[in-house]
Amino acid sequence: MIVRHSETNAPFEPSVRFYRTIALSFLAVTIILLGTIIFVTSKKATLIITAKEDVKSANLSVGLGKDKTDDAVRGIVTSTVFSWTEKFFPTTYKSEDSVAVGSLVIYNKSNASQPLVKTTRFLTPNNIMFRLTDDVVVPANGQITAEVYADQIGANSEIGPSQFVIPGLSADRQKFVYAESAENMKGGSNKVGVLTDSDLQSARTIYIEKLKQNLIKQLPPYQDGFEAVVSVVSQQVDADYAVGDSVAEFNLSGSNTAVVAWYKSDDLKSMIAKEINSKVDVSLEKVVAVIGDPLVTLTSYDLAKNTAQLAVSQEAKVTLAVDADKLSPGRFLGQTKEEIERYVLGLEHVSAVDVSFSPSWARKSPTSVDRIKVVVKSIK
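Okay, so the sequence shown: first residue is 6 according to our numbering, each after it adds one.
Since the hints were made in silico from the structure, they are not lab data. One or more of the hints may lead you astray.
Said to hold, decoys possible - Capping the alpha-carbon separation at 30 Å, the derived lysine-lysine pairs in DSS-like fashion look like this:
no. : residue 1 : residue 2
1   : Lys279    : Lys322
2   : Lys284    : Lys382
3   : Lys196    : Lys123
Claimed, not checked - DEER-style ranges, computed between Cβ atoms:
no. : residue 1 : residue 2 : range
4   : Asn219    : Asn311    : 19 to 27 Å
5   : Gln168    : Ser118    : 17 to 25 Å
6   : Thr262    : Asn282    : 35 to 43 Å
7   : Lys222    : Asn131    : 57 to 65 Å
8   : Gln228    : Val86     : 57 to 65 Å
9   : Ala247    : Val295    : 39 to 47 Å
10  : Asp298    : Thr262    : 19 to 27 Å
11  : Val292    : Ile53     : 46 to 54 Å
12  : Val292    : Ala253    : 43 to 51 Å
13  : Ile53     : Ile27     : 21 to 29 Å
Glycine is no exception: its CB is placed at the ideal position from the N, C-alpha and C atoms.
Make a model of the complete structure from these sequences and hints.
Shown next, in the form of C-alpha cells:
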C-alpha cells in the first residue's frame with residue numbers, strides 16, 4: 006500500500022515593512038526627480054561685461070571730378086594768389102646787461118630850497134650809485150619824487166628799497182638833503198629774444214597752415230554743401246629779421262600761389278562711413294561716433310582737367326554691441342566660469358567680465374538660452 010503526501014504552500018502575504026520600503030523608495034525617487042527638475046529650471050547664469058571704447062581709423066584715397074563715382078566725389082579745382090603776413094615770437098632768449106632805473110623821494114629838511122642838476126649822484130650804503138635823470142629843485146622843508154638811473158650797467162644795480170646820500174653836497178648839507186627809494190630798481194638785466202634758424206623754420210611751417218585757414222575764410226563759397234581744401238604750391242615769403250638778430254617778435258610775409266579744391270561734403274561723408282563700416286566686425290562691435298572732422302589733404306591735381314586726388318583720414322569710436330552675435334546667450338550654454346571668462350576676455354573692447362551662477366554651487370551654465378543673461382556696461 007503506497008501512501009502519498011501532498012504539501013500546499015500558503016500564499017505570500019507582503020509584510021508592512023515591505024510596503025514601507027516600496028513607499029520610501031518611491032518617495033526618494035520622487036524627491037530626487039523633483040530636486041533635479043527644480044535645479045534645472047532654477048539654474049541661471051549672469052554675465053556682466055565691461056566694455057571700453059577704442060578708436061579705429063579709416064584712411065582712403067578719394068578722387069575729385071565733375072561727377073560722383075564709387076571712388077570719387079563731386080567738385081572743382083581752382084588756383085589763386087594770396088598775400089599774407091603772420092606774427093611770430095622767438096623761443097630762444099639771452100640776458101643782456103642794461104641800465105637799471107627807478108625813482109627816489111628826495112627830502113629837504115632845511116629852510117632853503119635845493120637845486121640839483123641832471124646827473125647828480127646818489128649813493129647807497131653799499132656804494133651803488135645812481136644819477137638824476139633831469140634837473141630838479143627840492144623845496145625848503147619839502148620833498149619831490151625824481152627819476153634816476155644806475156651809474157653802471159648790470160644786474161648789480163637792481164637793488165631793493167634803500168637810503169641814499171648826495172656826495173656832491175657838503176657833509177653838513179647831506180644831513181638835511183637826502184633821498185630814499187620805496188621800490189626796487191629794475192632793468193639792469195633784460196631777457197632779449199634771439200631769432201634762430203629753428204624758430205624761422207618752425208614759423209614757415211605754421212605760416213603755411215595759417216595761410217590755408219585764412220584763405221578758406223576769405224574765399225567766397227563755391228556752392229552750398231561744398232568744402233575747400235588748400236595746397237600752397239609756391240611762395241615768395243620773407244622774414245623782417247635775420248637769424249641771430251635780437252627780436253621781441255618777427256613777421257613772415259609774402260605772396261603765395263595756392264590750389265583750392267572744392268568737394269561735396271556729403272559725398273565724402275558717405276565714402277568715409279562706408280570705409281569705417283567695412284572695418285567694423287558686425288558680429289561684435291558698433292560705431293559709437295566719428296571723432297571730429299575728417300582730415301583732408303590735396304595730394305595731386307590737374308587744373309586743365311578739373312580733377313584732383315584727396316587723402317582722407319577719419320577716426321571713429323568703436324565698442325561692443327549689446328546685441329552682438331558673439332555675445333548671444335547661445336554662445337555660453339553648458340560652460341564653466343573659466344571657459345566663459347576665457348572666451349569673453351579674448352574679444353576686442355572687453356576690459357573685464359564678471360560671471361555668476363545661480364545656485365552658487367552650479368559648476369556649469371544652463372543649457373537653455375532663456376536662463377542666461379548678458380549685460381554690457383560701457384566705460385569711456
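Hint check results:
1. Lys279 <-> Lys322: holds (15 Å)
2. Lys284 <-> Lys382: holds (23 Å)
3. Lys196 <-> Lys123: Judged against 30 Å, a Cα distance of about 29 Å means the pair holds.
4. Asn219 <-> Asn311: 19 to 27 Å: holds (25 Å)
5. Gln168 <-> Ser118: 17 to 25 Å: With a Cβ separation near 22 Å, Gln168 and Ser118 satisfy 17 to 25 Å, so the hint holds.
6. Thr262 <-> Asn282: 35 to 43 Å: holds (39 Å)
7. Lys222 <-> Asn131: 57 to 65 Å: holds (59 Å)
8. Gln228 <-> Val86: 57 to 65 Å: violated (23 Å)
9. Ala247 <-> Val295: 39 to 47 Å: The hinted range 39 to 47 Å holds for Ala247 and Val295, with Cβ atoms some 46 Å apart.
10. Asp298 <-> Thr262: 19 to 27 Å: Between Asp298 and Thr262, where Cβ atoms are some 26 Å apart, the hint holds.
11. Val292 <-> Ile53: 46 to 54 Å: Violated - the Cβ-Cβ distance for Val292 and Ile53, about 23 Å, lies outside 46 to 54 Å.
12. Val292 <-> Ala253: 43 to 51 Å: holds (49 Å)
13. Ile53 <-> Ile27: 21 to 29 Å: Cβ of Ile53 to Cβ of Ile27: about 49 Å, so the range 21 to 29 Å is violated.
Hints 8, 11, 13 from the list above are not met by this structure, while the remaining hints are.
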